[in-house]
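Protein chains: 2
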Amino acid sequence: MPLYLEDFTVGQKHLTGRLRVDAEAIKAFAAQFDPQPFHLHEEGARESLFGGLAASGWHTAALTMRLLVDSDMKPAGGIIGTRAEELKWPRPVRAGDELHVEVEVLEVRPSRSRPGEGYVKCRSTTINQDGQPVQVLVMNLLVQGRPPS
Amino acid sequence: MPLYLEDFTVGQKHLTGRLRVDAEAIKAFAAQFDPQPFHLHEEGARESLFGGLAASGWHTAALTMRLLVDSDMKPAGGIIGTRAEELKWPRPVRAGDELHVEVEVLEVRPSRSRPGEGYVKCRSTTINQDGQPVQVLVMNLLVQGRPPS
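As given, the protein sequences belong to chains A and B, one line each in that order. Here the first sequence is numbered in this note's numbering, starting from 1 and rising by one per residue. Here the second sequence is numbered in this note's numbering, starting from 1 and rising by one per residue.
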């Protein structure tokens with residue numbers, strides 16, 4: 001059942017499943033997209049700000065997206081982010097971390113330029129196995145309105 | 001030569017190299033991190049908002065990071081983003097697009113809590129081969145100050 005714009009309400013919460021990240025995945029993402037020593041190998045990470053191997057923030061963001069796509073939150077038309085107002089990584093993701101995402105709807109508004117569509121602003125907080133946030137993202141999603149019946 | 005906090009000035013610009021994205025890379029990223037029809041295959045994309053295969057925004061973000069890491073902009077301690085204030089995708093990245101990134105320094109300020117370090121706020125605009133922006137990111141980077149000599 002897709003969720004139409006009218007199905008979203010401020011304060012609504014959605015919860016994703018869980019996903020475990022290992023060192024291989026952290027290093028593979030880094031080799032492709034963010035080849036800096038603290039994301040690539042333990043030795044390079046030890047003397048860095050992170051004090052040990054840390055996932056790229058963009059890896060954390062990509063894993064967050066995967067958890068959202070696999071979740072029960074299925075906006076009509078797909079999960080289409082248009083503009084984030086905030087994206088931060090309060091602490092790094094480490095090898096062995098198990099992540100899940102909590103989504104809270106902050107705002108629902110019809111689009112002025114796209115009739116029959118609108119925006120859902122939500123805060124998605126990515127959380128590790130110790131209950132600590134590793135990413136906070138405030139994103140505006142483009143969502144279809146319910147088709148006239 | 002690493003760039004210390006003192007080497008950054010408001011208005012300074014940095015330019016990256018170029019990177020071409022093909023359909024295989026778009027689909028591979030989507031399969032791993034954003035498995036929605038419009039990122040996975042041409043058929044699923046045709047009837048979507050995008051009207052054709054489009055890269056995940058998180059893929060565009062990851063490619064932007066790769067271009068930055070490979071560029072001459074080498075902050076001391078690495079490119080460490082702590083908090084983005086804006087992240088938007090004005091148009092999708094398509095198979096065959098060739099991307100580069102223009103960075104402009106918006107603000108330089110010492111950290112109150114981390115002596116000898118500071119923040120460089122910059123806008124990085126990712127641009128396709130037609131000169132059109134595909135991503136705008138305003139990010140705060142944590143940068144080391146120059147060590148006392």
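By construction, these hints were calculated from the structure, which means they are not laboratory data. Keep in mind the model is a prediction, meaning the values are calculated, not measured. One or more of the hints may lead you astray.
A pair holds if it fits inside one copy or across any two, identical chains being indistinguishable in the list.
Stated by the list, open to error - No more than 25 Å apart at the CA atoms, straight line, and that leaves these computed lysine-lysine pairs for DSS-like:
1. K74 with K13
2. K74 with K121
3. K74 with K27
4. K88 with K121
5. K88 with K13
6. K27 with K13
Results for each hint:
no.	hint	verdict
1	K74 with K13	within (13 Å within a copy, 40 Å between copies)
2	K74 with K121	within (15 Å within a copy, 35 Å between copies)
3	K74 with K27	between (31 Å within a copy, 21 Å between copies)
4	K88 with K121	both (16 Å within a copy, 14 Å between copies)
5	K88 with K13	both (20 Å within a copy, 24 Å between copies)
6	K27 with K13	neither (33 Å within a copy, 30 Å between copies)
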